[in-house]
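Here are the chains, one letter per residue:
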Amino acid sequence: MKIKGGVFLFTLVTIALLGIWSFFPIYWMIVSSIRPERDLFKIPTFWPETIDWQFTSYKNLLELTDYPLQFMNSVVVALAVVFITLIISIIIAYVVTRYRVPGKTFIVGSMLYAYMFPPLMLAIPLLSIFATLGLSDSLIAVILAHCTLTIPLGVWMLWGFFKVMPFDLEEAAMVDGCSRAGAFFRVVLPLSLPGMITVSIFSFLLSWTDYVFAFVLITSDSNKTLPVGLASLIGSFDARWGELMAGATLIAIPLFLMFVFLGRYFIKGLAAGAIKG
Amino acid sequence: MQGFRTRSDKALKWAFIASLSIILLLILVPVFHAIQLSLFQSESFISNKNWVGLANYIRILNDVVFWRSLWVGLVFGLLTIGLQVFLGIIFALFLDRSFPGLPIIRGIVILPYLLPTVVVALAFQWMLDGTLGLLTIWAEQLGFGRPSWFENSYLAMTVVIISSVWTWTPFVTVSFLAALQTIPKSLYESAKVDGAGLWSQFWHVTIPMILPMLMVIILLRSIWMFNKFDIVWLLTKGGPSSATEHLPILAYRRAFLQYDVGGGAAVATLSFLILSVLILIYFYYFPLEDKESSN
Chain A
4 MKIKGGVFLF TLVTIALLGI WSFFPIYWMI VSSIRPERDL FKIPTFWPET
54 IDWQFTSYKN LLELTDYPLQ FMNSVVVALA VVFITLIISI IIAYVVTRYR
104 VPGKTFIVGS MLYAYMFPPL MLAIPLLSIF ATLGLSDSLI AVILAHCTLT
154 IPLGVWMLWG FFKVMPFDLE EAAMVDGCSR AGAFFRVVLP LSLPGMITVS
204 IFSFLLSWTD YVFAFVLITS DSNKTLPVGL ASLIGSFDAR WGELMAGATL
254 IAIPLFLMFV FLGRYFIKGL AAGAIKG
Chain B
137 MQGFRTRSDK ALKWAFIASL SIILLLILVP VFHAIQLSLF QSESFISNKN
187 WVGLANYIRI LNDVVFWRSL WVGLVFGLLT IGLQVFLGII FALFLDRSFP
237 GLPIIRGIVI LPYLLPTVVV ALAFQWMLDG TLGLLTIWAE QLGFGRPSWF
287 ENSYLAMTVV IISSVWTWTP FVTVSFLAAL QTIPKSLYES AKVDGAGLWS
337 QFWHVTIPMI LPMLMVIILL RSIWMFNKFD IVWLLTKGGP SSATEHLPIL
387 AYRRAFLQYD VGGGAAVATL SFLILSVLIL IYFYYFPLED KESSN
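Chains as they are written, first to last, in my numbering: chain A, 4 to 280; chain B, 137 to 431.
No lab work stands behind these hints: they were computed from the structure.
Here are the simulated BS3-like cross-link-like pairs (lysine-lysine), alpha carbons at most 30 Å apart as the crow flies:
| no. | chain 1 | residue 1 | chain 2 | residue 2 |
| --- | --- | --- | --- | --- |
| 1 | B | K149 | A | K107 |
| 2 | A | K166 | B | K146 |
| 3 | A | K166 | A | K107 |
| 4 | B | K149 | A | K166 |
| 5 | A | K271 | A | K107 |
| 6 | B | K185 | B | K373 |
| 7 | B | K373 | A | K45 |
| 8 | A | K45 | A | K62 |
| 9 | A | K271 | A | K166 |
| 10 | A | K271 | B | K321 |
| 11 | B | K146 | A | K107 |
Computed footprint of chain B on chain A; a stretch qualifies when at least three of its residues, placed anywhere within it, have a C-beta under 8 Å from a C-beta of chain B:
| no. | segment |
| --- | --- |
| 12 | 40 to 50 |
| 13 | 146 to 153 |
| 14 | 199 to 212 |
Just so it is clear, CB atoms sit at the ideal spot from N, CA and C, and this is done for glycine as well.
Kindly produce the complete structure, drawing on both the sequences and the hints.
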């Protein structure tokens, strides 16, 4: 089967190219962050000639910049966003699927609509509102702003989830003497765990990677989240590429770890058309 | 389906009303406020506002800058969407077969999509650095000289488009991969029996089967690509001399750099109206009730 062999080879080469196209910029980022500085100023070689085991770029980044503080800011913001999103979207999605609520299609539809808004259409007025309330340049402002993206997403996804969960299960629990709250906590929540994990992942991802809202709302270095902090290093550091690539790698690591351990939820969510961006 | 009867029902009802109010406040208030801002003239978010009615809109619509930004946005949007969909389908077709080590490749293919835009922008800026960038050096070795990527309008636009396509293609790939796996293998077999070649199988079986998904993806990608602010801002800030300045950048520049909050809000509102047309098309073709019954 000569032709089959040819097709096989062609497929192999294409898939290899696909892998290189997807991975090379990431590889280059990581490699540049662990090269000694003098190597960055030479004609680059594909494999690093020497690896800087002192990790000077990382040390400089963590010791000489606000990076650690901004890392904590990002963690606080992302966790708060996940928490608020889960609570609010569980309540809305559950009630909309289980009770007679007037205008429920309108509610879910407006969530989907909101999740397609141009970010600046929300960011510009939010800055104006937060400035009036005296909340501008604070983490609370960023958390609330991120919730405008993540709650519609969460309601949309959990709505899809609760809708297909058979009502009989809860009814059976209630017939067996569970209260509605008991049925909710003992039956509905455990069963919808995969949905909640997916919502948490995507809320975390949206918040952790957001640049637009934090960029518009935050001005002081100590309140910046990682993406904005890292982007502003490029001006003040005068293109210290080793440090910048170290910073970029450190932002990406939590996402890669999440992907390795929770990848199946991620794919499921993506396939459900779940994410903004 | 039931009404709110018991005590825990009532508690839940109030929790629901509170939650809904919070999210509606968070979304509706900013939208109304943006429209309100666009009807006033003011220099900053804390200075006095003067009512000017529709003057901001008239000014913006008579400004050639608005139409140029709209055009730039169309070029950026159409090219990035076209390339993403084209590459996404090809990638999905190649990944939709059994192959040793394929799960790893599938994982790798998704990675660019996970990266924050800042990381993407920095990685590309580093590869394109004027003196030390890898791609700059390769271009020089190939005899093109040292391209000044960010000073030439066409090159800058190309860089913005390629890096956007690099990050957002995986969304299309994964969606198509999911759609391809729903196509029954028997369809291909009967096509083969009828003597259809690979191309004809693709054209007469694959494409019709993934058409609904294709529509959803093109609409969603359009809505999001026309909104993109961060990748363009981080790579070029709209430059060189406005060559990559599309509507989101124009709105930002007006509101924050040119002390024209009303103008910026008017640009944002106008792009919101344009987007709404796309969103309404989405709702028209993919009504919510339809999803309810299909699930």
